[in-house]
Each structure stands twice: as C-alpha cells, then as structure tokens.
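Listed in order, the protein sequences are those of chains U and S.
Residue numbers for the first sequence, in my numbering: 19 to 128.
Residue numbers for the second sequence, in my numbering: 305 to 417.
A few of these clues could be false.
What the hints assert, rightly or not - Distance condition first, Cα-Cα at most 20 Å in a straight line; then the derived DMTMM-like pairs of lysine to aspartate or glutamate: (1) U:Lys85 <-> U:Glu33; (2) U:Lys115 <-> U:Glu75; (3) U:Lys115 <-> S:Asp366; (4) S:Lys315 <-> S:Glu383; (5) U:Lys60 <-> U:Asp45; (6) U:Lys60 <-> U:Asp96; (7) U:Lys60 <-> S:Asp342; (8) U:Lys85 <-> U:Glu23; (9) U:Lys127 <-> U:Asp101; (10) U:Lys115 <-> S:Asp399; (11) S:Lys361 <-> S:Glu383; (12) U:Lys115 <-> S:Glu383; (13) S:Lys357 <-> S:Glu318; (14) U:Lys115 <-> S:Asp342; (15) U:Lys115 <-> U:Asp45; (16) S:Lys361 <-> S:Asp377; (17) S:Lys374 <-> S:Asp358; (18) S:Lys361 <-> U:Glu21; (19) U:Lys85 <-> U:Asp96; (20) U:Lys127 <-> U:Asp96; (21) S:Lys315 <-> S:Glu331; (22) S:Lys361 <-> S:Asp342; (23) U:Lys127 <-> U:Glu75; (24) U:Lys115 <-> S:Glu318; (25) U:Lys115 <-> S:Asp358; (26) S:Lys374 <-> S:Asp342; (27) U:Lys85 <-> U:Glu75; (28) U:Lys115 <-> S:Asp400; (29) U:Lys115 <-> S:Asp360; (30) U:Lys74 <-> U:Asp101.
As the list claims (entries may be wrong) - Covered stretches of chain S (chain U as the covering partner; in silico rule of three or more C-beta atoms under 8 Å from a C-beta of chain U): (31) 311-323; (32) 406-414.
Honestly, the hints are just simulated from the structure, not real lab data.
Just so you know, even glycine gets a beta-carbon here, dropped at the ideal spot from N, CA and C.
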Amino acid sequence: QKEVEQNSGPLSVPEGAIASLNCTYSDRGSQSFFWYRQYSGKSPELIMFIYSNGDKEDGRFTAQLNKASQYVSLLIRDSQPSDSATYLCAFEVGGFKTIFGAGTRLFVKA
Amino acid sequence: DAGITQSPRHKVTETGTPVTLRCHQTENHRYMYWYRQDPGHGLRLIHYSYGVKDTDKGEVSDGYSVSRSKTEDFLLTLESATSSQTSVYFCAISDDRLTGGYTFGSGTRLTVV
C-alpha cells in the first residue's frame, strides 16, 4: 500500500513567521511531488511541484525534496492570515495516479 | 474552477437509489479523475480515465462505476447509494500528470439518508 504521511495539525504560527509543513511517502519510485492548498469548503489548488532533490522556490513558498529519506516539505515565509488553510502533500505513483496525504491544517495568527 | 465544472453541487438522496455525478471540462485534457474526500482520510481515488472509453479503478471503487464517452465528460455513478457514500466528491483533470498536477472542480457534496 503506497502511502503519504502528514501531521494533521493544526499547526499554528504567528503572522510573519516561517511555517514548516512536512510529508513522508512510501514509494521510492515516485518521480513527482506536489503541494496543494485547500481552503475550508473549497477545492484543492496546486501551489508547488518538485521532482529534483533539493529546494525549489516560488515567491514565499519553498518546496524541499529528499528522495533518499523519502521526505518532502513546504516552507512558507512571512506567513499571512490568508495562508490559513489545509495543505495536502501528493506524489505520483505511476499508472496515471497520484496519492494524496490527509493534509496539515495551518493557522496563521494575526 | 475555470475549465472544469461539476454538477450537481449539492445532492441529498435516499439509500438504495442510483445517483450520477457529472464532470465536464473544456480544457481537452486527457486524464480525468474522481476522488472522494472524508475527514481523516484525505482524498481517495475512486476511478480515473486516461482517454475516451479508457477507465480504471482506484483504491475505493466498490459501489461506483464510471463512463467517459467524450473527452470532455466523465460520469460517476453510484449504482445503489449507501450512507457510507456520503462524502464530498471532487473531479480533477490533468494534461501532464508528472509535471502539471491536477486542476480540481468545485466539488459535489452528496448526502445519502
């Protein structure tokens, strides 16, 4: 059974701080990893994609991938109350499929 | 979401009745997916399609069937609804699943009473 593990949270950080979200996955053959953001009552939206070991930065977001440790993380710098949402980690498992974690709830306190 | 619509947005149905949810896309994407989302379980794949008339089962396919007769439409049918199928159902589309990720529809909230 291929799995994604995320801490369900909630993770609470003050406004302006760095939020760190973590995810581990079970499939060593996975090539592509994704982070989605889901606001309450809304559908998930893609915010980051990474496939190479190391860091990938996009604005205030940085995704970090370590394939040897089967670990992917998302850092949100200068966190804003509007970043309060559930963040879903996902990875492709081949056969046209992607597996999603249950998500980590993030609260950014003003 | 632009380019992908789900209908209906909300539905209440009785146990034992058939239910069909529709996903329609205008992006001409090859891949289409049906997920359900439940508290504590995250998104779980029900069925997916990799082309017209090409479909396959996901991890929670029991009690569900799908059809894709046109590129733009992917239908999910609950043959005989049960209370355990009360959930939020999301359709997703993808053109390049390895690098492009998914675009999700707005979801259908289904309640089986």
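Which earlier hints can't be squared with this structure? 1, 2, 5, 6, 12, 13, 19, 21, 23, 24, 26 and 31
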